[in-house]
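Dock chain U against the given chain E, drawing on the hints supplied.
The listed protein sequences derive, respectively, from chains E and U. Note that numbering that gives the first Met the number 0 has the first sequence beginning at 0, numbered continuously upward. Note that numbering that gives the first Met the number 0 has the second sequence beginning at 0, numbered continuously upward.
Hint data in this document are derived by calculation from the structure and do not stem from the laboratory. Check the hints yourself; a few may be wrong.
Any copy will do: because identical chains look the same in the list, a pair fits if it lies in one copy or spans two.
[What the hints assert, rightly or not] Listed next, the in silico DSBU-like pairs over lysine-lysine satisfying Cα-Cα at most 35 angstroms (straight line):
(1) 30 with 171
(2) 30 with 2
(3) 142 with 160
(4) 123 with 96
(5) 96 with 26
(6) 26 with 171
(7) 171 with 96
(8) 9 with 171
(9) 142 with 177
(10) 96 with 176
(11) 171 with 3
(12) 176 with 30
Residue strings, one per chain:
2 protein chains.
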Amino acid sequence: MAKKPLPLSKVYGLLEPGPVLLLTTAKGDRKNVMTMSWQTMLEFEPPTLACVISDQNHTFDILTDTLECVLNIPTVDLADQVVGCGNSSGRTTDKFKIFALTATPAARVGAPLIEECYASIECKVVDTGMVDVYNLFVLEGCKAWIDPAVSDPRTLHHRGKGAFMVAGETIKRPSRKK
Amino acid sequence: MAKKPLPLSKVYGLLEPGPVLLLTTAKGDRKNVMTMSWQTMLEFEPPTLACVISDQNHTFDILTDTLECVLNIPTVDLADQVVGCGNSSGRTTDKFKIFALTATPAARVGAPLIEECYASIECKVVDTGMVDVYNLFVLEGCKAWIDPAVSDPRTLHHRGKGAFMVAGETIKRPSRKK
Numbered sequence: 000m001a002k003k004p005l006p007l008s009k010v011y012g013l014l015e016p017g018p019v020l021l022l023t024t025a026k027g028d029r030k031n032v033m034t035m036s037w038q039t040m041l042e043f044e045p046p047t048l049a050c051v052i053s054d055q056n057h058t059f060d061i062l063t064d065t066l067e068c069v070l071n072i073p074t075v076d077l078a079d080q081v082v083g084c085g086n087s088s089g090r091t092t093d094k095f096k097i098f099a100l101t102a103t104p105a106a107r108v109g110a111p112l113i114e115e116c117y118a119s120i121e122c123k124v125v126d127t128g129m130v131d132v133y134n135l136f137v138l139e140g141c142k143a144w145i146d147p148a149v150s151d152p153r154t155l156h157h158r159g160k161g162a163f164m165v166a167g168e169t170i171k172r173p174s175r176k177k
Numbered sequence: 000m001a002k003k004p005l006p007l008s009k010v011y012g013l014l015e016p017g018p019v020l021l022l023t024t025a026k027g028d029r030k031n032v033m034t035m036s037w038q039t040m041l042e043f044e045p046p047t048l049a050c051v052i053s054d055q056n057h058t059f060d061i062l063t064d065t066l067e068c069v070l071n072i073p074t075v076d077l078a079d080q081v082v083g084c085g086n087s088s089g090r091t092t093d094k095f096k097i098f099a100l101t102a103t104p105a106a107r108v109g110a111p112l113i114e115e116c117y118a119s120i121e122c123k124v125v126d127t128g129m130v131d132v133y134n135l136f137v138l139e140g141c142k143a144w145i146d147p148a149v150s151d152p153r154t155l156h157h158r159g160k161g162a163f164m165v166a167g168e169t170i171k172r173p174s175r176k177k
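Okay, chain E solo, but in the shape it has when bound (with noise of 0.2 angstroms):
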């Protein structure tokens, strides 16, 4: 899939959908993933969100350490790939190996861009003030990616235990806000 530079002003259009997410980290040369629903927004540009990750995730710990990430963004042709990276703890388990997934490298931090994913958001950790009472860290995007063949991404949003809404049809209205 070749992905393209996105503009970081256009970051939030991906996000504030609220698509299951892929989050990459690394830590020496070991990788991780992990399946992610519990994001929001917080500013527009640069890109700026919140997360929460559960300290039992290996996730936790090695962006604790690292404080740098990506957020793959995924389509519905994976939908068992985010359902078994779910459901596996990167403790035990090499889930780009088992899952089939193909990292590669990210231009601004050390965790990879997920080949698969129709779009990749590298992030530095910029505020960990929520992280002991929420596990709620703040991300800053610094380098986005997309393919800019698919206009209308089939992105997977997760109603619970398994179920996962699939986008549907875009329409438009005349609005004077981002």
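Here is chain U on its own, set in the frame of chain E:
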């Protein structure tokens, strides 16, 4: 629309997919409604979430005063009202009147339910510690309502500048997680 109580343990399944919300507030005999897309779950039960409300919004002033609101979930038939509420201010407009939305009494909070929305979650603000820096309010759901006739709601998911992805089909995968 005949809404029935929904167990609080199921609220996350309504919000995790990332729908646009209509947030209602009330102060004295004046009620207000705003469109919101920046929210995330923080905890399953009681359902706890964080949402961003700009300090430029009339709702910000009411919510910081009353600490109560209702999150109503609209579907595609309310797209014009969703955009209308996002483009106008309750300081100068009675949005319930001009957008023909019906306010009905909530059970636990002073803010109203929106009759035309298929689901509503009554909430209290439980933490304002992140408001100063991020305009981020922590809400706890105390009562939830749903129209049991709606199993696959055609919710709206904002892609930016008035473009909305409309919820499509739901798929299921075996999962061990909530």
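**Report entry** Hints not upheld, ascending by number
**Finding:** none
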